[in-house]
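K.L.:
Chain by chain, the residues run as shown.
Number of protein chains: 2
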Amino acid sequence: MARALGRVQVETAPAKLSQALSYAILPGGARIRPTILLSVAGACGDDCPAMSDAAAAALELIHCASLVHDDLPCFDDADTRRGKPTVHRAYSEPLAVLTGDSLIMLAFEILVRAGRAEDANLRAAQLVLSLSQRSGMPGGICAGQGWESEASIDLRAYHMSKTAALFIASTEMGAISAGHDPEPWRDLGALIGEAFQVADDLRDALLDEEALGKPVGQDDLHGRPNAVATLGVKGARAHLSDILAGAIASIPSCPGEADLAKMVRRQAQAIMPKLPERYQV
Amino acid sequence: MARALGRVQVETAPAKLSQALSYAILPGGARIRPTILLSVAGACGDDCPAMSDAAAAALELIHCASLVHDDLPCFDDADTRRGKPTVHRAYSEPLAVLTGDSLIMLAFEILVRAGRAEDANLRAAQLVLSLSQRSGMPGGICAGQGWESEASIDLRAYHMSKTAALFIASTEMGAISAGHDPEPWRDLGALIGEAFQVADDLRDALLDEEALGKPVGQDDLHGRPNAVATLGVKGARAHLSDILAGAIASIPSCPGEADLAKMVRRQAQAIMPKLPERYQV
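Sequence lines, in order, name chains U and S. In terms of full-length UniProt numbering, the first sequence opens at residue 1 and continues consecutively. In terms of full-length UniProt numbering, the second sequence opens at residue 1 and continues consecutively.
No lab work stands behind these hints: they were computed from the structure. Cβ atoms here follow ideal geometry from the backbone N, Cα and C, with glycine treated the same way. It is possible that some hints are incorrect.
Pair by pair, the computed Cβ-Cβ distance ranges are [what the hints assert, rightly or not]:
| # | chain 1 | residue 1 | chain 2 | residue 2 | range |
| --- | --- | --- | --- | --- | --- |
| 1 | S | D208 | U | R156 | 52 to 62 Å |
| 2 | S | F75 | U | R156 | 30 to 40 Å |
| 3 | S | T230 | U | D154 | 38 to 48 Å |
| 4 | U | E257 | S | G28 | 27 to 37 Å |
| 5 | U | R278 | S | R3 | 31 to 41 Å |
| 6 | U | G83 | S | R3 | 21 to 31 Å |
| 7 | U | D77 | S | L26 | 55 to 65 Å |
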């Protein structure tokens, strides 16, 4: 990420936009997507680390770009992100729009630059394809945000594009970086994405419980169906465990299969919300 | 463009965002950049028309994306574009942000798809590099817009990135599509870009004259230096002719050199503002 940034921070560039780019990506969040990507690349032998590094950085740049645009006044109108003012609050709305746009361009630029340096243009092209598909329309994160402007939402398409798309990109791009076919890796990404979605639903429900001072039921929690509304807290927790078991089972046969399964289990523990005592069996 | 759009307009996509994408690119403006790109590709032999077609569409998609974002309330707050309401007026501000983002992703996607179909991944990767560089930071159109947030503007960098960058992309990408080295083609793009800039300055000055009812002088017209402020109307007109002559002279030796010179002359006539009688010699 720092290397990617170095490329755009030159004296001839407009200074505030340069600073806003750093501000938007450093210090990072949990960097879950690049971690998954590098783990999958490692499991596939990672014969070209410069390519998987570039892929991990590009994926995280797109994720950061989407956060900057999602925080804008016309979407979430968020004041803070990762404990500091959002980009449009710290720099201005025009600079936030341009920061998102510039990060997107930079993501694609570093992929093809790495491809050129490593004589791996085919991998670079495949990475660009995966990243653009999982980010744009009709099935990427832009589509996910777009669903929020529809009167009636196709919930499966909404979750698949808004949350799962960049997790699918993580596993696909990890495989591509190491010269493997991305297709068998899609299920793992989709299942990890689904797990994050259900974990979010659970966390929201448990926070609501705390706020309301009473357990939440199986009714509609936020005017939109979610895992807890459909299955209840214990049911959603069990569903989450099932999804994660499915994710581990979906790992294609590869040299680093066992290590990758460990990584997924570790991520799973990190996202699994702790249930209050009354839900313990 | 229509083929590119077809790819994103599927039943599983959010309908309003799908419609907004069409709305943003159809019907088009003058399509000057893709015209230049295809003319350069033609002059270089255009041995892979599917690649140059994709490049022309990708370049125009990025141009359209930049118009949609530039029209947003936080930038120009424009009500109309190409004779109809701007995307954010017709669809909403969130959908306008997403339209720009989706068009950017789509541009890169169609480049690598064409590369894959034509077994021309190297060309596709080079095209992605040119387009991302000319669109992003530190020297592309994002940088150009970024300069407008600076207290003191580096005018040369501003014009180079805001106006010239996508013209440089037109000539570079035309050459790359046909398998030629892009480097010798950069000057032509930069000079055409500069010509557009001076022609714009002239047109603005002549419109101001009409509005004020008196000729404009060599003073600063809009609080920022421009060709007319520096050279006067007749001087700027002469400068524009010089730039265009330089553009034609810069055309690298290639099979279709003569036809390309004709195209540049035709474009030049189209952009050359008609001077009122008092400026005729």
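K.L.:
Look at each hint and say if it fits the structure.
P.N.:
Each hint tested on the structure:
1. One distance hint, 52 to 62 Å for the beta-carbon pair D208/S and R156/U, holds here, with the actual separation near 56 Å.
2. A C-beta distance of roughly 36 Å is found between F75/S and R156/U, which places it inside the suggested range of 30 to 40 Å.
3. For the pair T230/S and D154/U, the supplied restraint of 38 to 48 Å is violated, since their beta-carbon distance comes to about 57 Å.
4. A beta carbon spacing of about 51 Å between E257/U and G28/S contradicts the range 27 to 37 Å that was offered as a hint.
5. For R278/U and R3/S, the hinted distance range of 31 to 41 Å is not satisfied, since their beta carbons lie about 58 Å from each other.
6. Against the hinted window of 21 to 31 Å, the Cβ-Cβ separation of G83/U and R3/S comes to about 45 Å, which falls outside the hint.
7. In this structure, D77/U and L26/S break the distance hint of 55 to 65 Å, their C-beta atoms being roughly 32 Å apart.
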